[in-house]
Amino acid sequence: MNTSSIRSGFPTEWKLIFAAWVIAASATLGALFFGEVMQLPPCLLCWYQRIFMFPLALILPLGLAPFDPRIIRYALPLAVIGWGIAVFHQLLVAGWVPKDFEPCAKGVPCSKTVIELFGFLTIPWLSIAAFTAIIVLLLLARSRRVQ
Amino acid sequence: MKQKTVLLATAVLLLAIFATATLLYKRGQANESARLATTHSDHLIRDYSPTLGDTDAPVVIVEFFDPACGTCQAFHEPVKHLLEEHPGKLKLVLRYAPFQVGSERIVVLLEAARLQDKFWPVLDALMDTQEKWKPLHEAELELALQQIGGLGLDLDRLRLDMSDPEIARRLQQDQDDANRLKVDTTPEFYVNGQPLPGFGFNVLKQTVAAALRGS
Numbered sequence: 001m002n003t004s005s006i007r008s009g010f011p012t013e014w015k016l017i018f019a020a021w022v023i024a025a026s027a028t029l030g031a032l033f034f035g036e037v038m039q040l041p042p043c044l045l046c047w048y049q050r051i052f053m054f055p056l057a058l059i060l061p062l063g064l065a066p067f068d069p070r071i072i073r074y075a076l077p078l079a080v081i082g083w084g085i086a087v088f089h090q091l092l093v094a095g096w097v098p099k100d101f102e103p104c105a106k107g108v109p110c111s112k113t114v115i116e117l118f119g120f121l122t123i124p125w126l127s128i129a130a131f132t133a134i135i136v137l138l139l140l141a142r143s144r145r146v147q
Numbered sequence: 001m002k003q004k005t006v007l008l009a010t011a012v013l014l015l016a017i018f019a020t021a022t023l024l025y026k027r028g029q030a031n032e033s034a035r036l037a038t039t040h041s042d043h044l045i046r047d048y049s050p051t052l053g054d055t056d057a058p059v060v061i062v063e064f065f066d067p068a069c070g071t072c073q074a075f076h077e078p079v080k081h082l083l084e085e086h087p088g089k090l091k092l093v094l095r096y097a098p099f100q101v102g103s104e105r106i107v108v109l110l111e112a113a114r115l116q117d118k119f120w121p122v123l124d125a126l127m128d129t130q131e132k133w134k135p136l137h138e139a140e141l142e143l144a145l146q147q148i149g150g151l152g153l154d155l156d157r158l159r160l161d162m163s164d165p166e167i168a169r170r171l172q173q174d175q176d177d178a179n180r181l182k183v184d185t186t187p188e189f190y191v192n193g194q195p196l197p198g199f200g201f202n203v204l205k206q207t208v209a210a211a212l213r214g215s
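Top line first, the protein sequences correspond to chains A and B.
So for the first sequence, this note's numbering puts the first residue at 1; every next one is plus one.
So for the second sequence, this note's numbering puts the first residue at 1; every next one is plus one.
FYI, nobody ran anything at the bench for these hints, they're computed from the structure.
Treat the hints with care, as some may be off.
Here are the in silico distance ranges between beta carbons for each label pair [unchecked claim]:
| # | chain 1 | residue 1 | chain 2 | residue 2 | range |
| --- | --- | --- | --- | --- | --- |
| 1 | A | Leu40 | B | Gly198 | 13 to 23 Å |
| 2 | A | Pro11 | B | Gly198 | 30 to 40 Å |
| 3 | A | Ala129 | B | Trp120 | 40 to 50 Å |
| 4 | A | Tyr74 | B | His81 | 20 to 30 Å |
| 5 | B | Thr10 | A | Leu139 | 36 to 46 Å |
| 6 | B | His81 | A | Leu40 | 31 to 41 Å |
| 7 | B | Thr5 | A | Ala129 | 36 to 46 Å |
| 8 | B | Lys26 | A | Pro11 | 33 to 43 Å |
| 9 | A | Gly35 | B | Asp47 | 50 to 60 Å |
| 10 | A | Ala129 | B | Gly28 | 45 to 55 Å |
| 11 | A | Leu40 | B | Thr20 | 18 to 28 Å |
| 12 | A | Ile81 | B | Ala9 | 29 to 39 Å |
| 13 | A | Leu40 | B | Ala168 | 47 to 57 Å |
In silico negatives: residues of chain B with every beta carbon more than 10 Å from chain A [stated by the list, open to error]:
| # | residue |
| --- | --- |
| 14 | Gln3 |
| 15 | Ala11 |
| 16 | Ile17 |
| 17 | Tyr25 |
Pulled a few chain A residues facing chain B out of the computed Cβ check, cut under 8 Å [claimed, not checked]:
| # | residue |
| --- | --- |
| 18 | Pro11 |
| 19 | Val22 |
| 20 | Ser26 |
| 21 | Phe33 |
| 22 | Pro42 |
| 23 | Leu58 |
| 24 | Ile59 |
| 25 | Leu64 |
| 26 | Ala65 |
| 27 | Pro66 |
| 28 | Ile115 |
| 29 | Thr122 |
C-beta atoms are modelled at their ideal positions from N, C-alpha and C, and glycine is treated no differently.
Chain B extracted, bound-state conformation (with noise of 0.2 Å):
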């Protein structure tokens, strides 16, 4: 057996550990929140939570997101089109897991502004105009402020009401449940209670045919 044989047989074994163990620690994984979802069903939607679509849809979509996360950013507008292409069929339930260097203070702003029955102008705005209030990839709330201006909001209200304590419970409670089912990266969906199996926009899409086949 020549050398060069030796070493790329140990290099191609090694490999295939490598990607079984992915494999095995990956089906584990899913295994594990499809557990969580279902052992903590009621973690998962809380009736404060911001909704978009029929209150009674038979497929309902949580999502775990941040506003300050590109990803997230790049899921609002086909997510919100998913929705309209199922007009009655589906709801949209939103949870916070602001990770993302201070966007806490937008996830405020939010839940101000939801007070003035603005969340989803403010929220729209905001995830078109992303790139503007997060210079150096952190979240500035007075550069998001600016963002807003022209939705008819009343901004001294709006910054009197971000120190509500109500609002700081709620995304308390939504951190504490976002630990609980062990969402840890944004943005994390449940279609009808599960985890998705994989990743991605057209996975989600997928799920959620699939639970209106279903339903």
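If we strip away everything but chain A, and leave its shape as in the complex, we get (with noise of 0.2 Å):
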């Protein structure tokens, strides 16, 4: 094992991939909130992107102490397919995918808008925000490594 590659303290990759931590975690809370305090059923896709979300909550911080950066390659995987299945969610809510694809035909339909916060956010979209960004601040944390 590579001990120099574990650090103590907060160098900046740390702190980005803290904050992509943050953001799992209070994404599987929320799943979690909408589906067993508020009962609300999970579609098909959201189990599935709760299939890539929450492992990113117990292992992005199992790489943060101590200090392990190859966590960003065992996290990215797991982020990047949980948002391409975030974004086929969106497409199929908003019609552009042919009902002919949506692979719910019992339980809750996925296309099925059931929350809708400040009119204009819903739980598909919140995936993707959550997605996006743990994407993006992995990224950022990789290219300051690689520097």
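Once you've looked at the hints, go ahead and assemble the two chains, each given alone in its own frame, into the complex.
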């Protein structure tokens, strides 16, 4: 193991990854709030987004103490795939994806809007925003590291 | 400050926010269902609903239930015992909220049995054998009919009565009332017109005890 990559203190990369973790943890708790407290059953696509968001809330802090920047490499694929599913979900809601592709036959249809905050903020948009922010922060951390 | 300390503090903060939001949301919901029960009290009890216990009892328990719901089954015997413990003091009014797959047909079966004055024996038998007529978590009418053989029912008449439009009308009315009162899980209890402050048999028991003391 390359111990030189493990550092103490709070370098900028650490702060960037920390911010990504705060977003992932908030998104995880937010999803649990919608599902378990407000009892809104998650649709199929929501479940797939959860599959890629929940692990981020756990593995990012493991890479932060002790600080191991290789966590960026492990976390990015999760965030990118989750982002892709979130974008697909939003396209479905917006009606850009033909209904035939909609995978939810039974249960909660993914195209149904169950929550709208401030008149425009839906769950798929929140998901896109969270995944985008996580990706940007991780890429920033990576670019600082490469330099 | 150590990295670990910052992480732990943040995690605790986020969880505290989550817990507070949960508490506030639950409280808001409890207030909302209490408000609905007050403003829509006429939706709580219908004169056609099956009842158990004394007609003029001072404490009335309304239960929205689903015959195919496992938790309703778990409450069935304890609630009956509760009524027996307070003879003349309690009345149970049953309302239908068939949320499970296939349970509407079971409700219709119960109502048809009621036309032969066999509602309670049939309900008891169905609660005893719930797992037998609910394979794969879907209620199946034919399997349910097999469980009520020894009760002296006229099964041919029962099947005919199941298409009685009055039964369909009552079922629809119960579902409309459940929607109006925002009943979305079963069993949901109301004691003297107010929802329980929480969930569980002990909460029901305590609320009933308090209502009995007040009556």
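ask   = Can you name, in rising order, the numbers of the hints this structure does not satisfy?
value = Numbers 2, 3, 4, 5, 7, 9, 10, 13, 14, 15, 16, 17, 18, 22, 23, 24, 28, 29 - these are the hints that the structure violates, sorted from lowest upward.
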